[in-house]
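What follows is each chain in one-letter form.
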Amino acid sequence: MGLLLVAGFAAAFVCDTFNLADQYLAQIIMYIGINVILTVSLNLVNGYMGEFSVGHAAFMAVGAYAASFFSVSVFPQNPAFFPLSLFAGGICAAFLGFMIAVPAFRARDDYLAIITLALIMITKSVLENLPWFGGPQGYHGIQKYTNLSGVYLCTIASIMVIRNIVYSNFGRGIIAVRDDEVAANLVSVDTKQVKILAFVISSFFAGIAGGLFAHLIQFINPRTFSILKSTDILLMLYLGGSGTIIGSILGAAIWTVLIEALRFLGIWRFVFAPVALVMLMIYRPLGIMGGREWRLFIPKENDHGRKK
Amino acid sequence: MLVIENLHAGYGPIAVLHGVSLHVDEGEIVTLIGANGAGKSTTLRTISRLIPAASGTILYKNENITRCKAHEIARRGIAHVPEGRGIFGNLTVIENLLLATFANRTRSMTSPVINELFDMFPLLGDRRRQLASTLSGGEQQILAIARAFAADADFFIMDEPSMGLSPILVKNVFSIIADINRRGKTILLVEQNAIMALKYSNRAYVLENGRIAAEGRSEDITANEELKKAYLG
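Sequence lines, in order, name chains W and R. Counted from 1, the first sequence has number 232 at position 233 by numbering that gives the first Met the number 0; the numbering is strictly sequential. Counted from 1, the second sequence has number 78 at position 79 by numbering that gives the first Met the number 0; the numbering is strictly sequential.
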């Protein structure tokens with residue numbers, strides 16, 4: 000497996016340096032990677048923890064704007080500083096996540112959806128009205144620093160981090176919160192702390208994805224990060240099946256490709272896609288993976304069951 | 000070990016406990032009995048701080064724990080096996096047991112510790128890699144008790160451990176409780192099945208409308224004709 004990952008990186012790196020990949024194809028692959036990061040990180044909160052957050056677009060926006068700000072105005076215009084800008088974007092998103100999580104988790108479950116919904120709107124309005132980020136016209140002058148190998152590394156890293164969290168002691172605490180919060184408290188899980196930390200981690204990765212996204216399309220404006228963006232991420236999550244890593248990956252990949260493949264339908268693809276989703280919910284309500292995890296993601300010493 | 004003095008508590012504006020005082024000594028099994036709505040479960044929930052106490056004090060090992068948070072109380076070694084078991088269905092049996100030491104850095108769940116648990120609860124050993132939601136009701140109850148035991152708690156609070164179990168399983172669960180007690184654990188029990196609970200416990204308190212109406216050794220409570228008529232049927 001490790002060898003395969005290295006080979007994947009080598010392939011991405013070679014494609015980058017010698018400009019081998021078809022522009023369009025490379026673009027789609029990078030979109031897939033970014034969407035995988037978004038979906039896997041949302042999965043931590045909406046899937047494993049069983050809360051319902053719709054705020055991922057806002058964290059992505061903060062990550063995108065912050066990373067762009069750092070790469071355009073703070074650091075010298077050099078791709079070598081791009082990882083730092085990305086990281087800074089992630090930290091800003093994580094900080095916003097913390098600011099939201101502390102009050103949001105004082106309230107009970109459904110309020111998180113409302114609070115994060117408000118967050119999207121507030122973030123969008125704030126970005127539209129801050130003059131030094133271009134306001135509604137959008138942020139210009141972002142260099143194209145995102146490449147195949149960068150996206151590859153970030154995607155693999157976020158999958159590995161989330162996967163390791165889910166099967167750690169802390170991850171068991173997250174799943175315990177979903178199953179029975181009161182009982183989780185009774186077995187000494189500080190549920191409030193667990194929820195806030197999981198939410199912050201999830202926001203961080205959304206911020207990273209936002210930074211990658213901004214430096215891929217080189218132009219961002221507040222409208223990009225509306226409720227529709229959050230809806231997209233939620234769709235990818237539930238398409239693949241929440242609560243499994245492989246579900247998030249498949250959901251993100253399939254949805255991204257599907258939307259591209261249906262481009263010939265023009266505006267009608269936005270009719271087709273929801274209909275397809277309704278069909279999926281009827282015939283496979285648990286998503287494509289139906290709650291099953293890919294064996295490779297399950298640690299050997301701690302088999303997640305399913306010896307039915 | 001546990002001393003409760005003049006405890007008042009309830010749900011929002013509805014007061015349920017009107018000054019409950021009781022104590023549980025080390026190594027004892029103590030039963031709370033009483034009619035539905037007398038405040039048995041409320042007493043247990045107030046001890047583990049699932050609901051806050053309005054007034055009164057709860058001392059555990061001579062420390063005031065009245066204002067501690069629920070997870071802090073669990074970390075002090077009070078294990079509450081809640082009504083309806085509270086097992087985590089999306090985790091495997093073994094993961095449920097691992098969660099017992101979530102915050103306990105001194106006791107790690109090495110394989111000898113886990114194997115010892117499975118020796119004690121052989122039923123769970125066969126199902127260790129199964130999701131807890133696929134267990135039967137009796138197995139889930141045993142898992143909940145095993146999890147409390149795995150946490151290395153000294154004090155067990157058990158809310159209706161026999162609820163929804165067949166008579167043979169009820170016996171099984173009570174023999175497990177007796178076994179845990181023999182291993183030096185102190186137990187505070189609430190049971191609908193009062194006769195069974197009194198048979199296994201040392202002392203009992205009778206709760207009535209949020210107050211202690213009677214207390215005594217379990218044999219005396221069982222022998223008391225008046226109480227028998229009112230609570231034991």
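Treat the hints with care, since some could be wrong.
Claimed, not checked - Which chain R residues face chain W? A few, computed with CB under 8 Å, are given here:
hint	residue
1	SER20
2	LEU21
3	HIS22
4	ALA53
5	ARG74
6	PHE101
7	ALA150
To be verified - Only part of the chain W face toward chain R is listed, based on derived beta-carbon distances under 7 Å:
hint	residue
8	SER187
9	ASP189
10	ALA252
By construction, these hints were calculated from the structure, which means they are not laboratory data. The beta-carbon is built from N, C-alpha and C at its ideal position, and this holds for glycine as well.
Hints, one by one, checked against the model:
{"no.": "1", "hint": "SER20", "in the structure": "violated (24 Å)"}
{"no.": "2", "hint": "LEU21", "in the structure": "violated (20 Å)"}
{"no.": "3", "hint": "HIS22", "in the structure": "violated (22 Å)"}
{"no.": "4", "hint": "ALA53", "in the structure": "violated (20 Å)"}
{"no.": "5", "hint": "ARG74", "in the structure": "holds (5 Å)"}
{"no.": "6", "hint": "PHE101", "in the structure": "holds (5 Å)"}
{"no.": "7", "hint": "ALA150", "in the structure": "holds (6 Å)"}
{"no.": "8", "hint": "SER187", "in the structure": "holds (4 Å)"}
{"no.": "9", "hint": "ASP189", "in the structure": "holds (5 Å)"}
{"no.": "10", "hint": "ALA252", "in the structure": "violated (25 Å)"}
Of the numbered hints stated above, those contradicted by the structure are hints 1, 2, 3, 4 and 10, listed in ascending order.
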